[in-house]
Amino acid sequence: MANVGLGRVGKVLTWIVAGGAGLLLAAFLLAWSGLYNVAASRGHWAIVEWLLAFGMRNSVELRAMAINPPPLDDPDLIALGAGHFHGGCAFCHGAPGISVSPIAQHMLPPPPHLPTSMRPWTDAELFWIVKHGIKYTGMPGWAALERDDEVWAVVAFLRQIQKTHPERYRELALGSVRLPGQTGKELATVDSNQEAAGACARCHGAESKGPVSALVPVLHGQPREFLAKALKEYAESTRRSGVMQPMAAELDRQEIARLADYYARLPAPRPEKIAGNASLIDRGRKLAVEGDTANGIPSCNPCHSGNALPEYPRLSGQSARYMAGQLALWRAGHHAATGGGAIMAPIAQRLSDEDIAAVTGYFASLRAKPTGEKPQ
Amino acid sequence: MIFRRALPTCLSIGVLLAGCGDRQSVLNPKGGDAHQFAQLSWLLFAGGTAILFVVMLATYLAIHGPDRFRALLGSERMVVWAGVAFPVVTLTALLGYGVWLTRAVALTAADPDALHISVSGEQWWWRITYRPANESVVAANEIRIPAGRTIVFTLTSPDVIHSFWVPNLGGKVDMIPGRTTRLRLRADAPGVFRGQCAEYCGGPHALMAFEVVALPPSDFDAWLESQAKPASEPESVEAHRGRDLFLAAGCGGCHAVRGTAAAGTVGPDLTHLGSRRSVGLDTLAMTEANIKRFIEDGQHIKPGNRMPPFRIFPAADLDAIAAYLAGLR
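The listed protein sequences derive, respectively, from chains C and G. Position 101, counted from 1, in the first sequence is what my numbering calls 222; the numbers after and before it change by one each time, with no gaps. Position 300, counted from 1, in the second sequence is what my numbering calls 429; the numbers after and before it change by one each time, with no gaps.
No lab work stands behind these hints: they were computed from the structure. One or more hints might be untrue.
[Claimed, not checked] Chain G residues, not near chain C, derived (Cβ > 10 Å throughout):
{"id": "1", "residue": "L181"}
{"id": "2", "residue": "R311"}
{"id": "3", "residue": "P319"}
{"id": "4", "residue": "E328"}
{"id": "5", "residue": "A357"}
{"id": "6", "residue": "T416"}
{"id": "7", "residue": "G456"}
[Claimed, not checked] Interface residues of chain C toward chain G, partial, derived using beta-carbon atoms under 7 Å:
{"id": "8", "residue": "G143"}
{"id": "9", "residue": "P232"}
{"id": "10", "residue": "T414"}
{"id": "11", "residue": "G417"}
{"id": "12", "residue": "S420"}
{"id": "13", "residue": "P423"}
{"id": "14", "residue": "C424"}
{"id": "15", "residue": "N428"}
{"id": "16", "residue": "A429"}
{"id": "17", "residue": "L430"}
{"id": "18", "residue": "G460"}
{"id": "19", "residue": "A463"}
{"id": "20", "residue": "I464"}
{"id": "21", "residue": "P467"}
The beta carbon of each residue, even a glycine, is placed where N, CA and C say it ideally should be.
With the hints as constraints, model all of the structure from the sequences given.
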């Protein structure tokens with residue numbers, strides 16, 4: 122008798138509310154009873170699958186609207202993206218010349234083999250998917266959400282994946298790694314797999330070969346304490362990188378020490394071609410040696426060359442693009458959770474764009490000196 | 130009601146004011162022009178109080194007084210005499226008296242005996258330069274002066290406007306980027322006075338304080354001579370290790386310790402840090418524990434200051450650095 126006086130509209134509303142409540146109750150009973158089959162092996166009904174895919178496409182399209190892609194036809198970006206793709210994505214999505222793992226093929230939904238069947242997403246949409254992942258699929262979000270720069274590297278590679286020949290892919294993704302053919306016994310018993318064994322060199326190079334991309338730091342000849350500290354910070358997620366955190370997390374303390382020791386002993390590869398002009402490099406030298414008192418910028422050398430603490434990186438011969446990228450992260454307010462990051466962040470925030478170009482150009486133009494050698 | 134609240138309010142304000150030390154007070158003049166400023170301040174307070182009292186009385190009479198008073202207070206003559214003539218005469222007289230009283234500030238007769246000290250106000254500390262016999266001695270955040278001698282401060286700023294004020298010794302003068310301003314001060318007798326940046330300069334402005342330590346002239350000469358020397362050699366093994374760590378950790382990028390490779394000019398000169406009375410501009414007493422706090426956590430002691438936090442040292446290393454710095458006397 123409650124709806125007396127509400128009229129026709131009131132009656133209809135009452136029926137709608139009651140119907141909704143009934144449906145909710147039915148759904149709850151279905152879940153409670155266990156009759157619904159959650160088996161991935163069963164697949165979805167066609168209508169459900171269509172609805173889910175329809176919803177996903179629209180959701181990605183809407184959320185990618187405000188994203189502005191940087192230029193992606195950049196060989197350094199593509200090489201870095203390929204290196205990460207091989208370790209992080211290829212298991213589920215395959216790669217040129219590599220098919221999707223049979224385990225991943227039986228996920229629901231099965232991940233697409235990207236070299237042959239990628240939806241025609243835009244750059245911005247691909248970025249959004251790689252960064253945030255997709256609910257109700259196995260696609261995870263990026264391990265370090267503040268590192269858009271890394272996500273764009275993967276997108277740059279994805280743009281090329283369909284036209285990349287398997288041989289070219291091996292070159293891009295595996296870089297200088299040339300693992301010797303293992304014997305049956307080694308394959309059967311050695312306690313590490315090929316993926317992990319070559320992971321560092323894929324991007325950073327090894328022996329006399331430098332990094333595959335100017336966006337990847339030169340590790341050769343860095344102090345072992347610095348290398349070990351960086352890996353430890355990545356493993357603990359205090360230093361953030363969707364590329365490095367997953368790699369470092371798999372290493373134990375002894376492995377970190379051995380790796381740091383290996384790269385610390387390597388002689389520095391030849392520095393890249395000097396990008397800046399002579400006057401820019403001169404300005405960079407002035408910043409590195411004297412700093413800029415008027416703008417509160419200390420000189421770089423007391424921390425980054427010669428006999429400075431071995432926990433600090435040495436910068437001579439380092440890639441200018443890599444250093445500029447790190448400084449940009451500090452300027453944007455990221456990257457300051459580690460002890461060293463907290464020191465660099467306020468200093469980076471005092472550097473102008475021109476300062477960064479000058480000082481990174483200067484250090485890149487120097488050949489790395491072995492640690493322990495006196496400065497000048 | 131209002132009157133009943135007024136008494137306790139006045140009393141509690143009085144109690145609060147009594148809490149203000151006399152190290153930073155215009156009403157406690159200790160030299161030079163400060164005496165005249167204090168005299169002028171008292172005259173202003175007394176005159177202002179007397180006028181306020183007369184106005185309150187007139188207000189009361191205008192509301193509750195006999196008709197005779199009310200008519201007088203409401204007359205045009207009253208407005209002309211008390212509202213126009215009285216303020217003109219009083220303020221003119223006050224201006225004349227003030228100018229006459231502080232004439233010494235305006236006169237810039239060269240004092241051949243004066244000691245010249247340059248102070249640069251920087252976000253958020255004070256760079257102090259003495260020039261005995263053509264060499265310059267750089268210190269920071271603590272100004273020592275000889276008592277009884279006129280000091281001419283040359284004031285500059287490289288960043289924003291600051292203002293240099295030691296209330297016990299005299300007036301305040303702005304430090305303006307691109308300009309040089311001057312201020313003469315004198316302390317009558319030895320003592321310690323507190324100065325303060327008196328122009329908002331961002332972030333930790335409120336903590337941009339300093340101390341002026343007036344010494345007997347002979348003590349001052351000895352002190353300046355010791356300040357002109359390069360840093361002393363570390364005395365203990367720990368302090369030695371502290372110096373090595375100080376240099377390796379890159380502290381010399383910002384700080385200078387004369388006599389070592391540390392030659393930075395971004396932050397305060399630390400050559401004789403241990404001889405100062407405080408750490409972090411009068412915020413903490415000079416102890417090894419406070420030096421360590423400032424290195425690791427300076428952003429909590431003086432929020433916004435330009436030194437990054439150095440939370441990278443194992444405890445023993447930090448102890449060694451603090452031992453070295455405290456030993457720089």
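The hints, checked one at a time:
1. L181: 49 Å, holds
2. R311: 23 Å, holds
3. P319: The assertion about G:P319 holds, with a minimum of 35 Å to chain C.
4. E328: G:E328 clear of chain C: closest Cβ-Cβ about 20 Å, beyond 10 Å.
5. A357: 22 Å, holds
6. T416: Non-interface label on G:T416 holds, nearest chain C Cβ at 24 Å vs cutoff 10 Å.
7. G456: 21 Å, holds
8. G143: 59 Å, violated
9. P232: With Cβ-Cβ at 42 Å, over 7 Å, it is violated.
10. T414: 5 Å, holds
11. G417: For C:G417, the interface hint holds, since the closest Cβ of chain G sits about 6 Å away, which is under 7 Å.
12. S420: 5 Å, holds
13. P423: 4 Å, holds
14. C424: 3 Å, holds
15. N428: Result: holds, 6 Å to nearest chain G Cβ.
16. A429: 5 Å, holds
17. L430: Constraint on C:L430 satisfied, holds at 5 Å.
18. G460: 4 Å, holds
19. A463: 5 Å, holds
20. I464: At about 4 Å, which falls below the 7 Å cut-off, the nearest Cβ of chain G leaves the hint on C:I464 intact, so it holds.
21. P467: With Cβ-Cβ at 5 Å, under 7 Å, it holds.
Of the numbered hints given earlier, the model fails hints 8, 9; all others are met.
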